[in-house]
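A.B. asks: Sequence:
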Amino acid sequence: MRRVVVGVILILTSLQILVTGVPAMASGFPNANTYGLTTGPTFQTYADPVHKYVSYTFTLVNGSSRDADIRHIGQNGPGMQLLVSVGSGMASKLVPPTGPGRIQTVLAHKSLRLTVWFRISNCATVPKGSWPLKMDVGWSTKKLLRVGLEMTSAGSLQWQKFLADSVCP
Numbered sequence: 111m112r113r114v115v116v117g118v119i120l121i122l123t124s125l126q127i128l129v130t131g132v133p134a135m136a137s138g139f140p141n142a143n144t145y146g147l148t149t150g151p152t153f154q155t156y157a158d159p160v161h162k163y164v165s166y167t168f169t170l171v172n173g174s175s176r177d178a179d180i181r182h183i184g185q186n187g188p189g190m191q192l193l194v195s196v197g198s199g200m201a202s203k204l205v206p207p208t209g210p211g212r213i214q215t216v217l218a219h220k221s222l223r224l225t226v227w228f229r230i231s232n233c234a235t236v237p238k239g240s241w242p243l244k245m246d247v248g249w250s251t252k253k254l255l256r257v258g259l260e261m262t263s264a265g266s267l268q269w270q271k272f273l274a275d276s277v278c279p
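Numbers 111 to 279, taken from the numbering used here, label the letters of the sequence shown in order.
There may be inaccurate statements among the hints.
What the hints assert, rightly or not - Only pairs whose alpha carbons sit at most 16 Å apart, straight line, appear in this in silico EDC-like list of lysine to aspartate or glutamate:
hint	residue 1	residue 2
1	238	275
2	244	260
3	253	177
4	252	179
5	244	158
6	162	260
7	271	260
8	253	179
9	220	179
10	162	177
11	252	177
12	220	177
Read the hints as simulated data drawn from the structure, not as lab findings. Predicted model, so just to flag it, every value in this text is computed and none were measured.
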């Protein structure tokens with residue numbers, strides 16, 4: 111009888127993990143929210159329709175009791191090229207991008223404003239659905255974990271589609 115009860119508990123636990131874990135892994139990466147990282151309620155955008163450059167500035171909130179080291183944030187995607195460096199004219203308009211090799215720390219229970227820059231290369235192929243922003247995060251260790259951050263959307267549009275629509279005809 112004891113084995114049956116333990117077996118039922120294991121099955122129920124496995125089902126619960128399966129049910130709650132699938133959305134967090136839908137993008138192929140763990141969800142940043144699992145680790146206490148979320149976006150704040152506001153965001154800011156910038157668009158250069160001539161060059162099709164766009165930026166998305168947001169607040170990253172660390173609800174964890176440990177400091178989080180962010181080494182890289184953003185990724186190329188369909189119709190979107192992540193820009194690691196931007197011209198001085200664009201950089202003066204908003205905060206510089208957070209790119210590879212640049213570590214920024216979000217203190218425990220604090221927040222930090224981050225900006226990602228993209229060049230929209232093909233308006234028609236920018237993802238319309240959920241497209242979590244990837245970032246490499248470490249917590250007091252040298253090992254980094256790649257997680258997907260669900261971004262604030264603008265109305266019914268996802269964040270990336272909102273950006274693309276600002277420079278696409």
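A.B. asks: The structure should be examined with respect to each hint, and the outcome stated for every one.
C.D. replies: Hints versus structure:
{"no.": "1", "hint": "238 / 275", "in the structure": "11 Å, holds"}
{"no.": "2", "hint": "244 / 260", "in the structure": "9 Å, holds"}
{"no.": "3", "hint": "253 / 177", "in the structure": "14 Å, holds"}
{"no.": "4", "hint": "252 / 179", "in the structure": "10 Å, holds"}
{"no.": "5", "hint": "244 / 158", "in the structure": "24 Å, violated"}
{"no.": "6", "hint": "162 / 260", "in the structure": "23 Å, violated"}
{"no.": "7", "hint": "271 / 260", "in the structure": "14 Å, holds"}
{"no.": "8", "hint": "253 / 179", "in the structure": "10 Å, holds"}
{"no.": "9", "hint": "220 / 179", "in the structure": "12 Å, holds"}
{"no.": "10", "hint": "162 / 177", "in the structure": "35 Å, violated"}
{"no.": "11", "hint": "252 / 177", "in the structure": "13 Å, holds"}
{"no.": "12", "hint": "220 / 177", "in the structure": "9 Å, holds"}
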